[in-house]
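Enquirer: So the protein sequences, as listed, match chains E and X.
Going by this note's numbering, the first residue of the first sequence is number 1, and it counts up by one from there.
Going by this note's numbering, the first residue of the second sequence is number 112, and it counts up by one from there.
Worth flagging that the hints you see were computed from the coordinates, not collected in a lab.
As the structure is a computational prediction, the values presented were derived from the model and not from experiment.
Check before you lean on any hint, since a few could be wrong.
[As the list claims (entries may be wrong)] No farther apart than 25 Å at their CA atoms in a straight line, the calculated lysine to any residue pairs in the SDA-like style are these:
hint : chain 1 : residue 1 : chain 2 : residue 2
1    : E       : Lys-36    : X       : Ser-195
2    : E       : Lys-52    : X       : Tyr-208
3    : E       : Lys-19    : X       : Val-124
4    : E       : Lys-71    : E       : Thr-13
5    : E       : Lys-44    : X       : Tyr-162
6    : E       : Lys-44    : X       : Pro-204
7    : X       : Lys-178   : E       : Thr-96
8    : X       : Lys-209   : E       : Gly-16
9    : E       : Lys-41    : E       : Gly-28
10   : X       : Lys-178   : E       : Glu-98
11   : E       : Lys-44    : X       : Ser-205
12   : X       : Lys-209   : E       : Gly-28
13   : E       : Lys-44    : X       : Lys-153
14   : E       : Lys-52    : E       : Leu-109
15   : E       : Lys-36    : X       : Asn-164
16   : E       : Lys-9     : E       : Lys-41
17   : E       : Lys-44    : X       : Val-124
18   : E       : Lys-41    : X       : Asn-164
[To be verified] Label-pair ranges, simulated between beta-carbon atoms:
hint : chain 1 : residue 1 : chain 2 : residue 2 : range
19   : X       : Leu-122   : E       : Lys-44    : 19 to 25 Å
20   : X       : Leu-221   : E       : Val-12    : 18 to 24 Å
21   : E       : Asn-62    : X       : Ser-119   : 45 to 51 Å
22   : E       : Arg-63    : X       : Arg-139   : 31 to 37 Å
23   : E       : Glu-98    : X       : Gly-120   : 26 to 32 Å
24   : E       : Glu-53    : X       : Pro-192   : 40 to 46 Å
25   : E       : Glu-53    : X       : Lys-153   : 26 to 32 Å
26   : E       : Ser-5     : X       : Ala-179   : 20 to 26 Å
27   : E       : Leu-109   : X       : Ser-119   : 20 to 26 Å
28   : E       : His-73    : X       : Glu-168   : 36 to 42 Å
29   : E       : Gly-84    : X       : Gln-142   : 30 to 36 Å
30   : X       : Asn-118   : E       : Leu-109   : 27 to 33 Å
For every residue, glycine included, the Cβ atom is placed at its ideal position computed from N, Cα and C.
Spelled out, the chains give:
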Amino acid sequence: DTAVSQTPKYLVTQMGNDKSIKCEQNLGHDTMYWYKQDSKKFLKIMFSYNNKELIINETVPNRFSPKSPDKAHLNLHINSLELGDSAVYFCASSRTEETQYFGPGTRLLVL
Amino acid sequence: QKEVEQNSGPLSVPEGAIASLNCTYSDRVSQSFFWYRQYSGKSPELIMSIYSNGDKEDGRFTAQLNKASQYVSLLIRDSQPSDSATYLCAVNPSGTYKYIFGTGTRLKVLA
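Hey, can you work out the whole structure from these sequences and the hints?
Expert: Encoded structure:
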């Protein structure tokens, strides 16, 4: 049973395209997150939702739009993809402010 | 000044030795501290969490927290080649969901 799952695992696309990444957790957690890990392995928070409400919105271009249809799902839509968006995107979840559990990651390559 | 700092390494230790990983943080009100291990191409997985000053042991791992000096460390006893990975320190300032990660220390355990 996968605790935090993400689809797709790999995403290769052209500049200017729009793409979405989906995340689901079956841990019953209240809070979900999106992180970006760049080529230098730095893991930086992008967004956080608590009970479907946006609580953290870091300085991310507005081409990135998260959406949480329910507590178990958090999706990330990216418009007009740019070369610099190439990275690994991790979804995570936690019960309140406790330990986070990460999904397997989505490797995005923008050509 | 970076909010969470770690030496990027690589830190090389022989098999069976103690590996010592250090992390300093800048926000004095931080209350929750975490060590994650990340193998190449995989997602971060939690090793230890620590909330109070002092030591916390779990098997071969010991986390040490000193809030006055603003550092947290991870000791790995009897290091094994399978411990070779990047170790990420994460800090959660009190009352927020904004986990801040260090850039990670790459550990190499030599057989």
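Enquirer: A separate judgement is required for each hint: does it hold in the structure or not?
Expert: A quick look at each hint next to the structure:
no.	hint	verdict
1	Lys-36/E - Ser-195/X	23 Å, holds
2	Lys-52/E - Tyr-208/X	14 Å, holds
3	Lys-19/E - Val-124/X	43 Å, violated
4	Lys-71/E - Thr-13/E	29 Å, violated
5	Lys-44/E - Tyr-162/X	22 Å, holds
6	Lys-44/E - Pro-204/X	15 Å, holds
7	Lys-178/X - Thr-96/E	22 Å, holds
8	Lys-209/X - Gly-16/E	30 Å, violated
9	Lys-41/E - Gly-28/E	29 Å, violated
10	Lys-178/X - Glu-98/E	19 Å, holds
11	Lys-44/E - Ser-205/X	18 Å, holds
12	Lys-209/X - Gly-28/E	20 Å, holds
13	Lys-44/E - Lys-153/X	16 Å, holds
14	Lys-52/E - Leu-109/E	28 Å, violated
15	Lys-36/E - Asn-164/X	31 Å, violated
16	Lys-9/E - Lys-41/E	17 Å, holds
17	Lys-44/E - Val-124/X	28 Å, violated
18	Lys-41/E - Asn-164/X	29 Å, violated
19	Leu-122/X - Lys-44/E: 19 to 25 Å	23 Å, holds
20	Leu-221/X - Val-12/E: 18 to 24 Å	36 Å, violated
21	Asn-62/E - Ser-119/X: 45 to 51 Å	32 Å, violated
22	Arg-63/E - Arg-139/X: 31 to 37 Å	35 Å, holds
23	Glu-98/E - Gly-120/X: 26 to 32 Å	28 Å, holds
24	Glu-53/E - Pro-192/X: 40 to 46 Å	45 Å, holds
25	Glu-53/E - Lys-153/X: 26 to 32 Å	30 Å, holds
26	Ser-5/E - Ala-179/X: 20 to 26 Å	41 Å, violated
27	Leu-109/E - Ser-119/X: 20 to 26 Å	24 Å, holds
28	His-73/E - Glu-168/X: 36 to 42 Å	37 Å, holds
29	Gly-84/E - Gln-142/X: 30 to 36 Å	34 Å, holds
30	Asn-118/X - Leu-109/E: 27 to 33 Å	30 Å, holds
Violated hints, listed in ascending order, are 3, 4, 8, 9, 14, 15, 17, 18, 20, 21 and 26; each of the other numbered hints is respected by the structure.
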